[in-house]
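Here the structure of chain A is known, so what remains is to put chain B in place on it, guided by the hints.
There are 2 protein chains.
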Amino acid sequence: MVKRVSLATVSCPVGRALDAIGDWWSLLIVRDAFDGLRRFSEFQKNLGIAKGILTTRLRNLVDLGVLEMVPASDGSAYQDYVLTKKGRELFLVVVSLRQWGEDYCFKRDEPHSALVDTTSGRPVGRLELRARDGRALTSSDTTVRKLDPQRTRNAKAARPSR
Amino acid sequence: MVKRVSLATVSCPVGRALDAIGDWWSLLIVRDAFDGLRRFSEFQKNLGIAKGILTTRLRNLVDLGVLEMVPASDGSAYQDYVLTKKGRELFLVVVSLRQWGEDYCFKRDEPHSALVDTTSGRPVGRLELRARDGRALTSSDTTVRKLDPQRTRNAKAARPSR
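Each protein sequence line maps, in turn, to chains A and B. Start counting the first sequence at 1; every next residue gets the next number (the numbering used here). Start counting the second sequence at 1; every next residue gets the next number (the numbering used here).
If we strip away everything but chain A, and leave its shape as in the complex, we get:
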């Protein structure tokens, strides 16, 4: 995707994050990993995804450092897929999608799964964005400070490309 996007987009962390995660399947695999799924067959069953697509996505997530392969927890010859720190830090991406989905993708009173605080058993609070001084912020309180394209070009020229 990177080849098709502008320099401004490439200097945007949102664009890079989306480019890295790749597609919705990858994020659904990450969600399942948060839910405790570890085995190829578990992901395959839960997602109803073709084996070839799952193989590719898992390999990409391992290459990206979001998942790592570890010996199976049951002592069998299988490999388990577990989230790395980089993978676990996708948690708030998954939570933000969940909270928006809860608000807009279900009819009133339609049942859905819930994210609960394990200690209390109660649903978690809403995600919040705050200023450094603690004020709650909405989108209209914020601005994206773009890079000066000249500065970006110089910075790119000064180091080897990825």
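The set of hints was computed from the structure by calculation and includes no laboratory data. Don't take each hint at face value.
Derived contacts from chain B toward chain A, CB cut-off under 8 Å, selection only [stated by the list, open to error]:
#, residue
1, Arg39
2, Val124
3, Arg130
4, Thr142
5, Thr143
The following residues of chain B were derived to be distant from chain A, with all beta-carbon distances above 10 Å [stated by the list, open to error]:
#, residue
6, Ala72
7, Tyr78
8, Glu89
9, Gly101
A quick note: this is a predicted structure, and the numbers were derived from the prediction, not measured. Beta carbons are placed, not taken as given, at the ideal position from N, Cα and C, and that holds for glycine.
Below, chain B without anything else, positioned relative to chain A:
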């Protein structure tokens, strides 16, 4: 995508949110709308996206109620695309991707755009998930409480399908 996923996934707000948003292009369009882009040609130029793909994605986002078409702000015959409340509430999805992208998709000292609090001009704080009593929560402090499949089936049978 819904047809290929399990009942458990369909009762999951993350799965429904991903299914609704559709693909990364849609979320990049939403990001650009947060940045103030309003016109077809502006999205097209910034994303470097084929016109046909952009047309389809914009139509889907309007049908979904994430964007709405309004008379152009400059008084011309064009239509502008602006975020609805439902669209604006995707803000934290975009912010969570941004913060993960900042952490993991840039080299140290590599320049990138920044989300700033307009009042102070300073970068915003980190997104935080908290329990109802205010404790900060990570993924390991939470559990997804899945639905009883029997309850889901009964609930679905009790109302007309979408």
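Against the structure, the hints:
1. Arg39: Given a least distance of 16 Å, the restraint on arginine 39 of chain B is violated.
2. Val124: 6 Å, holds
3. Arg130: Because about 5 Å separates arginine 130 of chain B from the closest Cβ in chain A, which is inside the 8 Å limit, the hint holds.
4. Thr142: Because about 5 Å separates threonine 142 of chain B from the closest Cβ in chain A, which is inside the 8 Å limit, the hint holds.
5. Thr143: 5 Å, holds
6. Ala72: Given a closest Cβ separation of 21 Å, the condition holds.
7. Tyr78: 22 Å, holds
8. Glu89: Answer for glutamate 89 of chain B: violated, closest chain A Cβ roughly 6 Å.
9. Gly101: Per Cβ check, glycine 101 of chain B is inside 10 Å of chain A; nearest 3 Å; violated.
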